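Asker: Residue-level listing of the chains:
Number of protein chains: 2
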Amino acid sequence: MDVERREQLLAVYRDGLLDNTLPFWLKFGVDEQHGGVLTSLDRQGRVVDTDKGVWQQARFTWLLGELYNRVEPRRQWLELAKRGAAFLEQHCLDPDDGRMWFHVTRDGKPIRKRRYAFSECFAAIAFGELAQATGESHYAEKARQAFQKFLDHNLHPPRSAAKFTDTRPTRGMGFPMQTIVTAQELRDSIGLQNAEQWIDRSIEDIRRFHFKEDLQCVMETVGPDGQVIDHFDGRTLNPGHAIEGAWFIMLEGKLRGEQGLIGTGCQMLDWMWERGWDSQHGGMLYFVDLYGLPVQEYWHDMKFWWPQNETIIATLLAYMLTGDPKYADWHRQIHDWAYRHFPDPEHGEWFGYLHRDGSLSSTLKGNLWKGPFHLPRMQLVCWQLLANEAR
Amino acid sequence: MDVERREQLLAVYRDGLLDNTLPFWLKFGVDEQHGGVLTSLDRQGRVVDTDKGVWQQARFTWLLGELYNRVEPRRQWLELAKRGAAFLEQHCLDPDDGRMWFHVTRDGKPIRKRRYAFSECFAAIAFGELAQATGESHYAEKARQAFQKFLDHNLHPPRSAAKFTDTRPTRGMGFPMQTIVTAQELRDSIGLQNAEQWIDRSIEDIRRFHFKEDLQCVMETVGPDGQVIDHFDGRTLNPGHAIEGAWFIMLEGKLRGEQGLIGTGCQMLDWMWERGWDSQHGGMLYFVDLYGLPVQEYWHDMKFWWPQNETIIATLLAYMLTGDPKYADWHRQIHDWAYRHFPDPEHGEWFGYLHRDGSLSSTLKGNLWKGPFHLPRMQLVCWQLLANEAR
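These protein sequences, in sequence, are chains A and B. Under this note's numbering, the first residue of the first sequence is numbered 758, with each subsequent residue one higher. Under this note's numbering, the first residue of the second sequence is numbered 758, with each subsequent residue one higher.
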């Protein structure tokens, strides 16, 4: 990548984050009254639903803390992160079982808990950033507790958490992936003692159960021993998700200087780019079938914002780690397609939901699922990668 | 409607059912080995998933029984209906709580139960048709039991069935609608004693809680007293579903000769046609927002087969009951759009999932959700309506 291209991209990511994405959420999303963030915003930033997704509360808190710790110590970012953490502590935990809610009202009354436990890992990284920013040990304690709850629930799911019978047990990519990135974040923010063990164990699980040399793909859901489950759910691949996992592993390889990890991550990217890139219209498809059969999920061929974000990070990182021009080419393709279709030139931020052909399906800027996370994380990670290379 | 148009439509529905839809499922779907039906078929009728949806097992059994009882007593239809009922009895009931499963393996091992109870009402009408066809009282008993379980679970949901906390209780259209049509079917097949009471009560619930004169619409989900819940889920309208409910009520008005019921059904259709008809591309949208705000469900603007089926029935019935040319016009619009986009001219049956613009999203002919039900029911109901008018 020549200097000019690098500088240009660096500005797109940095300025996009600081001058576009972040101001959108700070202006329209911050809940001055109750703390936390309102993410269900229309195109212009108007609130269309006051309910709060717990994932998004935790992720925005993490983002603000991360920016404070990594970019610059702006007072506003820290104050809002503290208010987000207070909302999480006061309203997002169910004292009955220590689990976190998934969906609460604006003022924090619980609406729904999920049988899975991902609110917990996002809360862990949010508290971790606050521990780093403030030096206050209670945040570090909260971070460790939330991470432990996330691990415990996934490793020893209570009977009541079962959505399916025991007839066909499964193993998903979500748990090892989120374990890697959460441990990476907590190692960085609070110096989590056993982070490397959790990361190693999770990468080992992915390699052993999900990484399929013979099928040339990363399976999202497999049997307990990694068997292909030849039914809709078992065959459904999620390329953007696997590519997100790929860059977590590449990043670990970069940090440790381990070529083996970089190779694993690049291989995951290679396979899933082939599976997910839409050669007809461009962009990453949401779901595809292992054998090219029809997929059951209705939105399988839509273009969601986040698989594009994750693929932009992964291709850039793969290029910077290997120098392989294939990755520079892929990065250009996905970056250009995404930036041509997703940003809202009029009101800022990105749309979240496009049809397969790139036309707009929904004007929402956020909801319980889309908030200030995948896009600003991409902008931050890519900016930092490019800035570090320049040094 | 002139005689020529009527004859032409009658042939489209009758021949479509007997020469196209039904042969497709009899040829490709019937499970000779275990009984019941395999519905996860690709465009050509090849099985892409051997799992069985319990709704579809019950619905296909109902369809075969209904055809046997109403069209002609073909031995094959009755034999297959009996095998479907045997599969339901032997494999689809959980002895632990008397509830039915939602998803089982090909040979009937349980995979998943839902917190809601709709398998039960589809099983009830299936057993009802077999009672009528065979005169065997144990089928009538099974039908009554399944209907009672459906009612009990919905009227007194167990604590474990709660997906949400008590913070924001809701009331859905699904229960009263399914109560009406199930009671109508069981009145017809087994002479269910209290059918009229359940129908009256359910229509009253719809009128009282879901039918909104001031908002000019039928709400899918409201608060316990019919309040508008001003959040995504509360504002999400399902026009095809409300229109399905509309023709259940119109049909009851027709049977009883009650203009008030016909008026209610037509009003529901009028409002929801305005809400759901896609004036840009044609066809019925899946979900729309009460206030025209963006909808959270990803597939909100896709064109699914079944809302078109239900709207074709409702507009035809409304026209035949009122003679209002508006309904003849709407019927022509929805019929023509659906028949232009959904049928597979090469391999028969209809596709299920189109993009908003009518282009194909999935080549599936069936899955856990789509099976031999909405399309053949539409063909049968419309054929019979037109044939009865001719008499």
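These are computed hints drawn from the structure, not numbers from a lab. Model, not experiment: these values are computed from the prediction. Among the hints, a few may not be true.
Treat identical chains as interchangeable: a pair holds within one or across any two.
Unchecked claim - Derived lysine to any residue pairs resembling SDA-like cross-links, with alpha carbons at most 20 Å apart: (1) Lys-866 <-> Val-979; (2) Lys-969 <-> Glu-1146; (3) Lys-866 <-> Val-985; (4) Lys-1011 <-> Val-938; (5) Lys-920 <-> Glu-846; (6) Lys-920 <-> Arg-869; (7) Lys-866 <-> Ile-986; (8) Lys-920 <-> Phe-859; (9) Lys-920 <-> Arg-871.
Asker: Does each hint fit the structure? Answer for all of them.
Answerer: How the hints compare with the structure:
1. In this assembly of identical chains, the alpha carbons of Lys-866 and Val-979 lie at most 20 Å apart only when taken from different copies (19 Å versus 36 Å within one copy).
2. For the homomeric pair Lys-969 and Glu-1146, neither the shortest alpha-carbon distance inside one copy (32 Å) nor that between copies (61 Å) is at most 20 Å.
3. When the C-alpha separation of Lys-866 and Val-985 is checked against a cutoff of 20 Å, the pair qualifies only between copies, where the shortest distance is 19 Å, while the shortest distance within a copy is 41 Å.
4. For the identical chains of this complex, Lys-1011 and Val-938 are intra-copy neighbours only, at 14 Å inside a copy versus 62 Å across copies, given an alpha-carbon limit of 20 Å.
5. Proximity of Lys-920 to Glu-846 under the C-alpha cut-off of 20 Å is found in neither arrangement, the shortest distances being 28 Å within a copy and 23 Å between copies.
6. For the identical chains of this complex, Lys-920 and Arg-869 are neighbours both inside a copy (15 Å) and across copies (7 Å), given an alpha-carbon limit of 20 Å.
7. Taking the shortest Cα distances, Lys-866 and Ile-986 sit within 20 Å of each other only across copies (15 Å), while inside one copy they are farther apart (39 Å).
8. In the homo-oligomer, the alpha carbons of Lys-920 and Phe-859 lie at most 20 Å apart both inside one protomer (16 Å) and across protomers (12 Å), since each shortest distance falls under that limit.
9. In this assembly of identical chains, the alpha carbons of Lys-920 and Arg-871 lie at most 20 Å apart whether taken from the same copy (10 Å) or from different copies (8 Å).
Hints 2 and 5 from the earlier list are contradicted by this structure; the remaining hints agree with it.
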